[in-house]
Amino acid sequence: MLEQIDLTKEMGKEEYKEKMEILEGTLSRLQRECRDLGIPVMILFEGFGAAGKGVQINKLIHPLDPRGFKVFAIKQESKEERMYPFLWRFWTKTPEKGRIAIFDTSWYRRVSVDRFEEKLSPEELMYAYQEINTFEKTLTDDGAVLIKFFMHISRKEQKRRFDKLLDNKETAWRVSKADLNRNEEYGTYKAMLEEMLEKTETECAPWTIIEAMDRRFATVKILSSVIDSLSEKIEEVKAEKLAKEERKKVEAGAETETKEYEPLPKKVLESSTLSKADLTLAYTKEEYKKKLKDLQDRMAILHSELYSRRIPVVLGFEGWDAGGKGGAIKRLTEAMDPRGYVVNPTAAPSVVEKNHHYLWRFWKDMPKAGHVAIFDRTWYGRVMVERIEGFCTKEEWQRAYKEINDMEAHLAHSGAIVLKFWMHIDKDEQERRFKERMENPEKQWKITDEDWRNREKWDQYEEAVNEMVIRTSTSYAPWIIVEGNDKYYARVKVLESVVNAIERRLKESK
Numbered sequence: 305m306l307e308q309i310d311l312t313k314e315m316g317k318e319e320y321k322e323k324m325e326i327l328e329g330t331l332s333r334l335q336r337e338c339r340d341l342g343i344p345v346m347i348l349f350e351g352f353g354a355a356g357k358g359v360q361i362n363k364l365i366h367p368l369d370p371r372g373f374k375v376f377a378i379k380q381e382s383k384e385e386r387m388y389p390f391l392w393r394f395w396t397k398t399p400e401k402g403r404i405a406i407f408d409t410s411w412y413r414r415v416s417v418d419r420f421e422e423k424l425s426p427e428e429l430m431y432a433y434q435e436i437n438t439f440e441k442t443l444t445d446d447g448a449v450l451i452k453f454f455m456h457i458s459r460k461e462q463k464r465r466f467d468k469l470l471d472n473k474e475t476a477w478r479v480s481k482a483d484l485n486r487n488e489e490y491g492t493y494k495a496m497l498e499e500m501l502e503k504t505e506t507e508c509a510p511w512t513i514i515e516a517m518d519r520r521f522a523t524v525k526i527l528s529s530v531i532d533s534l535s536e537k538i539e540e541v542k543a544e545k546l547a548k549e550e551r552k553k554v555e556a557g558a559e560t561e562t563k564e565y566e567p568l569p570k571k572v573l574e575s576s577t578l579s580k581a582d583l584t585l586a587y588t589k590e591e592y593k594k595k596l597k598d599l600q601d602r603m604a605i606l607h608s609e610l611y612s613r614r615i616p617v618v619l620g621f622e623g624w625d626a627g628g629k630g631g632a633i634k635r636l637t638e639a640m641d642p643r644g645y646v647v648n649p650t651a652a653p654s655v656v657e658k659n660h661h662y663l664w665r666f667w668k669d670m671p672k673a674g675h676v677a678i679f680d681r682t683w684y685g686r687v688m689v690e691r692i693e694g695f696c697t698k699e700e701w702q703r704a705y706k707e708i709n710d711m712e713a714h715l716a717h718s719g720a721i722v723l724k725f726w727m728h729i730d731k732d733e734q735e736r737r738f739k740e741r742m743e744n745p746e747k748q749w750k751i752t753d754e755d756w757r758n759r760e761k762w763d764q765y766e767e768a769v770n771e772m773v774i775r776t777s778t779s780y781a782p783w784i785i786v787e788g789n790d791k792y793y794a795r796v797k798v799l800e801s802v803v804n805a806i807e808r809r810l811k812e813s814k
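Counting the sequence shown from 1 gives a position; the numbering used here is that position plus 304.
Take these hints with a grain of salt, some might be off.
Only pairs whose alpha carbons sit at most 16 angstroms apart, straight line, appear in this in silico EDC-like list of lysine to aspartate or glutamate [claimed, not checked]:
hint : residue 1 : residue 2
1    : 814       : 590
2    : 698       : 771
3    : 363       : 310
4    : 658       : 400
5    : 658       : 609
6    : 460       : 310
7    : 548       : 532
8    : 481       : 421
To be clear, the hints were calculated from the coordinates, so they are not data collected in a lab.
Could you put together the complete structure from these sequences and hints?
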């Protein structure tokens, strides 16, 4: 691929000056339009060392309002960052709607520099390509513009630029031994980069190769490419807004289904999952106390073992209102060192959270190696409450099943134990608990008008939950239906499931 690139392209000063005057004015205007339309923009600079990434980023941001962008210089992972999944440090840097994130190298470091330094096995490399493509599609499907530049120069030109930097004591620090080593092994490294470009060239996030031997030519091509991408997206968003206004006249159910979404047969939904739960299962108080003590004793030991083995755990709790999530989480955490876990209660998204991809707020709270993250309500709100209450479009919640599976696969591949619990009770038991809360002054805060309103949509929620479980219960992140009419039984089953999963992993990893 790179062999076909003409690196002799250049541009004279007068032509450059004339073009830049127009390009900078246009880019400034497009930034304002993206802000007004709520379009998030991500611009990546990859390529050979000394190809001019820093110089070109400076040229790009010169006409931009500095309040609307942020530049990230991505270096080797810190000790702290290595304790999180590979994509964690990039998910947390994705921009809000209307803002621009610029990356001086990016997630592609994993399949370029890290690969060259033999930090990845062939299997890890394969996964990394898949995870990168999935990550980019998830963002662009949600409306982000992703612009990827590859800065290309010859080996000879790279060596010349390195030598020039090394000759000046003020700039010599910018050239590392690793940079020089990659120059010596230019052919090998270039072959790896070509594979990277080929494996990650997608319709939603194509690469633009920048002939970077001449910096004026490179600057004009970069700004022109950004302008083209932003202009195209702005027109697309404007057209979508007009189409949305037209769709308002049509029933929501007439929206187009996503390519990944195949409606489940009614028989499958009716005969599966929740209807199979035996809600008569129960323990006596004596049985409960005995089992609880045994499981909590085991959990205390296992929690310490998780930390020493650096195994992260992600536990998601969903369920009917008054289904017993809080009680189950309390009994689980009683056995754990509070320094090693965090319970993340999930409320309605804030303004900032709404301006990001819906998964962003959960990525921020993912655990580092050896720690446990417990989510009281999760990312599954997308396919339940947001679906039923119309807080997202039909296309968005249909697309979410795959996005969620992909996220959980990435967590599991990074070494995490992922378990999801649905706390299940019947409608009569829920009503009994609601009334009990209303009659108890110390528990009245737990019951709201919204809880009663949700009961009126019980059948809709039941259908959504059945579909959610069918579509997202996987070998690496299973759903566990917890029969919860009896609180004793439910609490024991949650603890037992967590303990068994951890013991199984520890046994496998010996």
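Hints, one by one, checked against the model:
1. 814 x 590: violated (36 angstroms)
2. 698 x 771: Answer holds: residue 698 to residue 771 is near 14 angstroms, not above 16 angstroms.
3. 363 x 310: violated (23 angstroms)
4. 658 x 400: holds (9 angstroms)
5. 658 x 609: violated (37 angstroms)
6. 460 x 310: holds (15 angstroms)
7. 548 x 532: violated (24 angstroms)
8. 481 x 421: Holds: residue 481 and residue 421 sit about 12 angstroms apart, inside 16 angstroms.
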